[in-house]
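Based on these hints, arrange chain L on the given structure of chain S.
Just so you know, the sequences run in chain order S and L.
Going by numbering that gives the first Met the number 0, 46 is the number at position 47 of the first sequence; the sequence numbering is gapless.
Going by numbering that gives the first Met the number 0, 27 is the number at position 28 of the second sequence; the sequence numbering is gapless.
No wet-lab data here; the hints were simulated from the structure.
Just so you know, not all the hints are guaranteed correct.
Coverage of chain S stretches by chain L, computed from C-beta distances (three or more under 8 Å per stretch; other residues unrestricted) [to be verified]:
id	stretch
1	41 to 52
2	129 to 140
3	144 to 155
Keeping only pairs whose Cα atoms sit at most 30 Å apart, straight-line, the calculated DSS-like set for lysine-lysine is [to be verified]:
id	chain 1	residue 1	chain 2	residue 2
4	S	K2	S	K157
5	S	K157	S	K5
6	L	K161	S	K5
7	S	K2	L	K161
8	L	K152	S	K157
Partner residues are not named here, just some residues of chain L that face chain S (Cβ under 8 Å, in silico) [claimed, not checked]:
id	residue
9	F42
10	I46
11	L95
12	L97
13	L99
14	V104
15	V109
16	A137
17	E144
18	L155
19	R156
20	F159
21	F162
22	S163
Glycine included, each C-beta is placed from N, C-alpha and C at the ideal position.
Here is what each chain is made of, one letter per residue.
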Amino acid sequence: MQKPDKFLPALYGGIIIGVISTVPFLNFVNCLCCAGILFGGFIAVFLYRNNFTPDTPPFTMGDCLAVGAMAGVVGAVVATVLDQVFLLLFGNVLKEFILQLLESMDLDIPEEALEEIRKRIEEVPTGIVSVFIELVFGLILYPIFGLLGGLIGYGVWKPPAPPSQTPSSATPS
Amino acid sequence: MGLKRAPYFVLFTTVLIWCSLLFAPPLLSALEAPTLSHVAYRFFSRICHQYDARSLHVLGYPLAVCARCSAIYFGFLGGMLVAALCPTRERRRFTLWLLLVLLPVLIDVVLDGTGVHASNVFTRISTGLIFGIGSGVALAPLFAEVLDLFLSKITLRSNFVKFSQERENAEAG
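So that you can see chain S by itself, here it is in the shape it has in the complex (with noise of 0.2 Å):
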């Protein structure tokens, strides 16, 4: 019998990590070093570990690894195109927040240093090309995270080794 599908639960997790990613304030997660991007590998290998029968052969560690990668690219185009949509509907509103946050608290920070931050935080990427670098960036660093995520998984819900049959239990007495 053949091992299950690994695109479906791929594609599961790789929304987990889009959406994480994208929804404002929620993506302050990946801020603890990219723990949505994990959580969406980490679940991608939950999903696909529910998919496995007695009758299927035993998930491996080779499987973990490629459904968490293949859920942090998954993850990055959906990311990408999330972002996109949300800067459309709702225009930048962290960008936002942190201005008014800056603007009404009495923070002593020298003049030059808050027109670098408004500078810094004005400075939103438009444009296909800008896109399209995103995407590539995304494309390269989400699967190694959602790999580790993978790996993770694999650590949690490894499945018992067979026990090892000696030639004493093995041979009837």
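Below, chain L without anything else, positioned relative to chain S:
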């Protein structure tokens, strides 16, 4: 170098390259290559907030990722070294171990976010190092297992090709 050490060597070199890349943007900035530096910073911006106040600086410029992320990556490198020097196949309590090393980071982030205690460079680096080293120790054996399989396949394949060529030569001769 035995085959058992080879995966750890490959792994350690890969993570070392990744950690070295974190120095690329500030070095490029110091070398007055603003375009390349901007591209490098943008590459890493997909996986970290890169706030200047929360980053370590080299030659007056912030590293590619924040202090916590840097500590996690360098800790991971250290953890891999520990795992390479004391290799073990034991992976019991994998999940518990990961949660345990993640706990200090979560506490620091949550307490900082809720305003109970303001995180500082020391807490960010120390909690990041704990998580990095801990996850490196836990994940390195899994990575090594994959690489070991991969390297074994390459060795087997090259041996097979060599054997086939020798047999062809013998038959022709």
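Okay, which hints does this one fail, numbers in order? The structure conflicts with hints 1, 6, 7, 11, 13, 15, 18, 19, 20, 21, 22, although it agrees with all the remaining ones.
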